[in-house]
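From first to last, the protein sequence lines stand for chains E and P. Counting along the first sequence from 1, when you hit position 116 you're at 116 in full-length UniProt numbering, and nothing is skipped either side. Counting along the second sequence from 1, when you hit position 281 you're at 281 in full-length UniProt numbering, and nothing is skipped either side.
Certain hints may be false.
Identical chains blur together in the list; that is why a pair holds if it fits in one copy or across any two.
Said to hold, decoys possible - Simulated pairs of lysine to any residue, SDA-like, Cα-Cα distance not exceeding 20 Å:
hint, residue 1, residue 2
1, K265, G232
2, K265, D236
3, K127, P299
4, K198, F272
5, K127, T211
6, K307, G98
7, K265, S233
8, K67, E240
Since the hints were derived computationally from the structure, they do not count as laboratory data. Since the structure is predicted, the reported quantities are computational estimates derived from the model, not experimental observations.
Each chain, letter by letter, is given below.
Number of protein chains: 2
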Amino acid sequence: MAPITNGRILFNAVPEDYPVPGKTTVYDTTETIDLENVPLNGGLLIKVLILSVDPYMRGRLRAPEVKSYMVSFALGKPLSGGGIGVVLRSEFAGVEAGQHVGGVLQHQEYVVAPSLAMLEVIEKDPKLDWSVYIGAAGMPGKTAFMGWREYSRAKKGEVVYVSTGAGPVGAMVIQIAKQDGLKVIASAGTDEKVEFMKEIGADVAFNYKTTDVREVLEKEGPIDIFWDNVGGSTLDAAMEFANMHSRFIECGQISGYNSGYQPMKVLTLMIFKMMSFHGFLVTFLLPKYTDAFKAEVVPKIVSGEFKYTEDVTRGLDKLGDALRALLVGTNTGKGVVVVAHE
Amino acid sequence: MAPITNGRILFNAVPEDYPVPGKTTVYDTTETIDLENVPLNGGLLIKVLILSVDPYMRGRLRAPEVKSYMVSFALGKPLSGGGIGVVLRSEFAGVEAGQHVGGVLQHQEYVVAPSLAMLEVIEKDPKLDWSVYIGAAGMPGKTAFMGWREYSRAKKGEVVYVSTGAGPVGAMVIQIAKQDGLKVIASAGTDEKVEFMKEIGADVAFNYKTTDVREVLEKEGPIDIFWDNVGGSTLDAAMEFANMHSRFIECGQISGYNSGYQPMKVLTLMIFKMMSFHGFLVTFLLPKYTDAFKAEVVPKIVSGEFKYTEDVTRGLDKLGDALRALLVGTNTGKGVVVVAHE
Numbered sequence: 001m002a003p004i005t006n007g008r009i010l011f012n013a014v015p016e017d018y019p020v021p022g023k024t025t026v027y028d029t030t031e032t033i034d035l036e037n038v039p040l041n042g043g044l045l046i047k048v049l050i051l052s053v054d055p056y057m058r059g060r061l062r063a064p065e066v067k068s069y070m071v072s073f074a075l076g077k078p079l080s081g082g083g084i085g086v087v088l089r090s091e092f093a094g095v096e097a098g099q100h101v102g103g104v105l106q107h108q109e110y111v112v113a114p115s116l117a118m119l120e121v122i123e124k125d126p127k128l129d130w131s132v133y134i135g136a137a138g139m140p141g142k143t144a145f146m147g148w149r150e151y152s153r154a155k156k157g158e159v160v161y162v163s164t165g166a167g168p169v170g171a172m173v174i175q176i177a178k179q180d181g182l183k184v185i186a187s188a189g190t191d192e193k194v195e196f197m198k199e200i201g202a203d204v205a206f207n208y209k210t211t212d213v214r215e216v217l218e219k220e221g222p223i224d225i226f227w228d229n230v231g232g233s234t235l236d237a238a239m240e241f242a243n244m245h246s247r248f249i250e251c252g253q254i255s256g257y258n259s260g261y262q263p264m265k266v267l268t269l270m271i272f273k274m275m276s277f278h279g280f281l282v283t284f285l286l287p288k289y290t291d292a293f294k295a296e297v298v299p300k301i302v303s304g305e306f307k308y309t310e311d312v313t314r315g316l317d318k319l320g321d322a323l324r325a326l327l328v329g330t331n332t333g334k335g336v337v338v339v340a341h342e
Numbered sequence: 001m002a003p004i005t006n007g008r009i010l011f012n013a014v015p016e017d018y019p020v021p022g023k024t025t026v027y028d029t030t031e032t033i034d035l036e037n038v039p040l041n042g043g044l045l046i047k048v049l050i051l052s053v054d055p056y057m058r059g060r061l062r063a064p065e066v067k068s069y070m071v072s073f074a075l076g077k078p079l080s081g082g083g084i085g086v087v088l089r090s091e092f093a094g095v096e097a098g099q100h101v102g103g104v105l106q107h108q109e110y111v112v113a114p115s116l117a118m119l120e121v122i123e124k125d126p127k128l129d130w131s132v133y134i135g136a137a138g139m140p141g142k143t144a145f146m147g148w149r150e151y152s153r154a155k156k157g158e159v160v161y162v163s164t165g166a167g168p169v170g171a172m173v174i175q176i177a178k179q180d181g182l183k184v185i186a187s188a189g190t191d192e193k194v195e196f197m198k199e200i201g202a203d204v205a206f207n208y209k210t211t212d213v214r215e216v217l218e219k220e221g222p223i224d225i226f227w228d229n230v231g232g233s234t235l236d237a238a239m240e241f242a243n244m245h246s247r248f249i250e251c252g253q254i255s256g257y258n259s260g261y262q263p264m265k266v267l268t269l270m271i272f273k274m275m276s277f278h279g280f281l282v283t284f285l286l287p288k289y290t291d292a293f294k295a296e297v298v299p300k301i302v303s304g305e306f307k308y309t310e311d312v313t314r315g316l317d318k319l320g321d322a323l324r325a326l327l328v329g330t331n332t333g334k335g336v337v338v339v340a341h342e
């Protein structure tokens, strides 16, 4: 078989504000791949089916000399992130053609992976689509369940405020918190997202672009738990209307990812209210909670008890648009890019 | 006996920046008291011996309409705070003239207290001065010991950075951390304070006014624990050079007490480094740790193993100056105002 095009999304220039498709990232078709003959050197050849766009990726779109916890994407090279693919050929022990792998994949149509270091073989429940395994049943769902279990110290009757409650992490937090008997306040940036949050059980759901978060929290709080996905002025508001001994689960601070600067007005309240803040990355909680996640959460996704939404973009060439929509907030639900069908 | 003057420190005007003695607080001598005949109504008459000036008092010098966790001082009324006095007369069961009481006292020479609600009878070790009971053996010492015990999760060989390490809380933290086998980095604002921090065991002590905290932490860190008394840019620096899974014990953020605004540059690091922040007020830890404090800390103060410094001001009329010096940072050691001798 002759070589075919291997489309890729390349990191082209450091964005000053939001990433701009065609400028900060570009879709490149100059590379080809011979699927039958490309050397694997003991690794595997993967056809990428699904790629995930996630807020943390903004932090990797930076100049390499800027230090940060996560390694930056390399200029001129493909982005990478969560994804799922099907194995076309394998020289790697224990993996066979036709199996599916999930984990970190380069943003290209075909990937030669040297090993399973960043990937695992996954099996799908027949009732779920593969895309669910990068969403409710994947990293975002695990983030919600494991962060909640590790840090919330939730008690029935307490009040939690969930920011970005219509996103894949926030929506799962809402549903787990309701299951635990809490009153749930949740916010998002469109009326459509507000409706979804009500459908999945939020007691109070509001559009933060048209309703002042401080007014809502003053009326419906004080809060015992804040699930923070946004940081900045929302974090300030949550601190202002937090109870004594409240727990702030710091999952994300998307408001600071572009500017990297957060003018905090009431940070000292953490002292007077004896608050605790827990920043976390789900990676470090996987060993402790993966079994519980599979036993307690996935069956509820399969049965339909736990709901989710997806924002599906078709075609790798549109990944830059999906990422931008996610960061700007115009998407709805888990950002999924369908690269190919099997 | 004829009525005598009962000098008082009154809250006169809300300070815009640092408090100004004679303007925001005034020493008032217009009130008199008849020590033999003043009605006690079942309470006690206390002669104030020692008063404490502490950073948190700045937060109470505000307009009553400004909401905050701690109640504001009342304009035209005396300040109040930690102190020790001797009982002159008592109608309160279980307390006799000649006993000493410690706790919250109004800032005046003589106080009629309705009960022991905010006070407790205290006994002094003969080797210690009463002033130690508002310092190393009092609230600041308890703050250090109890906050460390509750939140530090300290392990031998870890690195802690203690801000305001020459203050009564920080100095005790340094000594407890050394006892636990940690490497201690400590900062203060004068060379004299730096010398004191070295004397009590700090491995690295520096003057933050002449040495860049970031340079020190880059060289001597990364840190596993930050004992925060200052907040603001120092907190940012500590976050930048913190280890994964580091613990930030939020005891004070004095840099924000005047402005109430903290421009944080790297707050998102709390997520990527899986950091935890614990704000606390010692009041809530007293039930759990008071016995341990008396058993483990006070004997070491008596034996001289745990050291302390005091900045003694004589005369209630100078209390405003002592408070200002504390907030500006020109004092050295625990701020003690000697109001009277027995």
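The hints, checked one at a time:
1. K265 with G232: For K265 and G232, the Cα distance is within 20 Å both inside one copy (9 Å) and across copies (11 Å).
2. K265 with D236: The answer is both: 6 Å in one copy and 15 Å across copies each meet 20 Å.
3. K127 with P299: within (11 Å within a copy, 67 Å between copies)
4. K198 with F272: neither (33 Å within a copy, 31 Å between copies)
5. K127 with T211: neither (38 Å within a copy, 62 Å between copies)
6. K307 with G98: neither (29 Å within a copy, 70 Å between copies)
7. K265 with S233: both (8 Å within a copy, 14 Å between copies)
8. K67 with E240: Answer is between: at 10 Å across copies they meet the 20 Å cutoff, but 32 Å inside does not.
Figure legend: structure checked against the earlier numbered hints; hints not met, in rising order: 4, 5 and 6.
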